[in-house]
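Chains A and B supply the protein sequences, listed in that same order.
With this note's numbering applied, the first sequence covers 1 to 291.
With this note's numbering applied, the second sequence covers 1001 to 1335.
These are computed hints drawn from the structure, not numbers from a lab.
Model, not experiment: these values are computed from the prediction.
Taking lysine-lysine and the DSSO-like style, the derived pairs with C-alpha atoms no more than 30 Å apart in a straight line are:
no., chain 1, residue 1, chain 2, residue 2
1, B, K1139, B, K1248
2, B, K1142, A, K24
3, B, K1010, A, K114
4, A, K190, A, K176
5, B, K1229, B, K1142
6, B, K1229, A, K23
7, B, K1139, A, K24
8, B, K1139, A, K23
9, A, K190, A, K114
10, A, K23, B, K1142
11, A, K14, A, K176
12, B, K1242, B, K1227
13, A, K114, A, K185
14, A, K24, A, K14
15, B, K1242, B, K1142
16, B, K1227, B, K1238
17, B, K1227, A, K24
18, A, K23, B, K1227
19, A, K14, A, K190
20, B, K1229, A, K24
21, B, K1010, A, K176
22, B, K1227, B, K1142
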Amino acid sequence: MDLRRHEKASSFLKILSMPFSNKKFVVGFMILAGITLTAVIGDMLLTFDPLRTGRFPLSQPPSLAHLLGTDTLGRDLFAQLLLGIESSLTIGLIVATVSTLLGATMGFIAGYYKGFVDLLIRSVTDTFIVLPLLPILILISCLLRTISIFVMAAILCIFSWAWTARQVRSQTLSVKESDFVYMSKLSGMKGREIIFTEIMPHMLQWMIANFINVALWAMIIEAGLEMLGLGPHNTMTLGMMLYWANLHSAMFREMWWWWAPPVIVLVLIFVSLYTISIGLDETINPRQRTR
Amino acid sequence: MGSYLRYVAKRLLAYVAVILVAVMINFLIPRLIPGDPIMIIVGRLSAKGATTGGVELVEQYKHRFGLDADLFTQFFSYLRETLRGNLGYSIIHFPCRVDALIVTAIPWTIGLLSITTITSWAIGTLMGTLSGWSEKSSKFSKIASSISLVLYATPYWILAMILVFAFAYTFAIFPMSGGFTHGVSPSINVGFILDVVRHSMLPMLSIILSSLGWWYLSMRSLIVGLKGKDFILMAEAKGLSKSRIMWKYAFRNALLPQVTGLALTLGNIMGGALLTEVIFAYPGLGWLLYNAVTNLDYPVVQGITLIIILAVCTATLILDLIYPLIDPRVSYVGE
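Start from the sequences and build out the full structure, keeping to the hints where you can.
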């Protein structure tokens, strides 16, 4: 028994360390880790509230006192950027976690038990997949007058799990027919046990890739909604920074230090997540390697 | 053919179900969410100086909008009016009906999106073919791949902002915003059309650039996947020229998935680039939606949501029905 557990742990580590031999994955991972660490550590070192208006001189260009200058409301932009990165990543993290877990569970159940449950879950996912998201999300966030980071994440969660569920369902269907699942059924394992100990490990890598993709999706949609002013007003996210910059026409007042940093950071985050996703894809399906 | 008819019936049923769900979402969301639109209207009126009324005014409004009836009655009258094509009145442009506002906006959105989608598809597919076919580590394909990666990962509206800054502000080559010069009334003549073209250059460029990366990357991987396939090897063994194999064999085989992708994207046109229109104040659906959102014009927001859902679902349905007829490999019997 001990030996088996040890074996399981080491194969788990092996699965997790495999992507690190892929160059694209490593590059993306380093960029993302760098941005995240800077934001988290920077936020801890902040000695003032980055959202309080009128604290510093207005509309100052970058200087040693204010690394990225200040905005028209007298707020330090570097502090805003740190806070923005942290909250944007938090939203992506929450949505990706919930959607992967919920979607995978739904998909496993639908794929394993078939029948009425399957029909029910499948019709719900199909409906969610066909509906165009952005207008519905705009409708919801427009009607919800006060939005916090968690409400924002919750709204995105509602609409993000369907894709995961559909794909996990079809994969479960194919894994289910394999010999080792038949073996465990014969040896008297229960459905739940088979899902968690036999089928799920086979999809671990795929679920990690899905996690990254959902995080990417969530952050892109989130930034878009916030750009319309539909994001959380009580804190700062990267999208809300752009909204404020746009609202005060920073672009046409030569205040590049207001709008350029969030744009650069957003693009960096998206590119890094995307390269991580490609890297993972290449380690999972070696045949898909394009180079 | 019998199985095809069964497939059609199933798809139609699913379509009606999705539309019903969409209508219900559209009806329920505003009612589930705390906050009273009537109080907002009254608040706005009193901010403008209207002091009369109070409680009576609220009651009057509730009666006028049918909000004093129970939820079922409300839903069925909503359903009935929606089926008649009556989407209600805009709060901000009061005497104006929501459907009239949407009808003026739709041609702008469809025009902008259909031209850009097709252009970027054509360019991306061609570039993808060339780069996928060329040698593995050629400079062109390396550079093109990294550029398209960045373009693909950048949301189109961020690209739009950068373009405005570069080509409308720093170098004032193109106008910053709008669909045509302010104060000119739309008409069909050369001057006006040129004006429209000039105004749509930057929005177009932003959409083309951001979607180009996707088409390029997907065509490239399709072509790379075909290399080494039997029929390609056979053609090479026959001694056909490289360019002939590329166009006649690889390109034609990779085209079908790309065409499917194009069709799917065209189906999504109405909800495709709402934010580009916001950045450029381009008078399509996105701009209408943005203004409705910022002014809390709920009927307009709801109307646009419904129209976009209807359009996207209908396009998907048409595609689903046509596709098995075009591509025999798609099976519609099984599911």
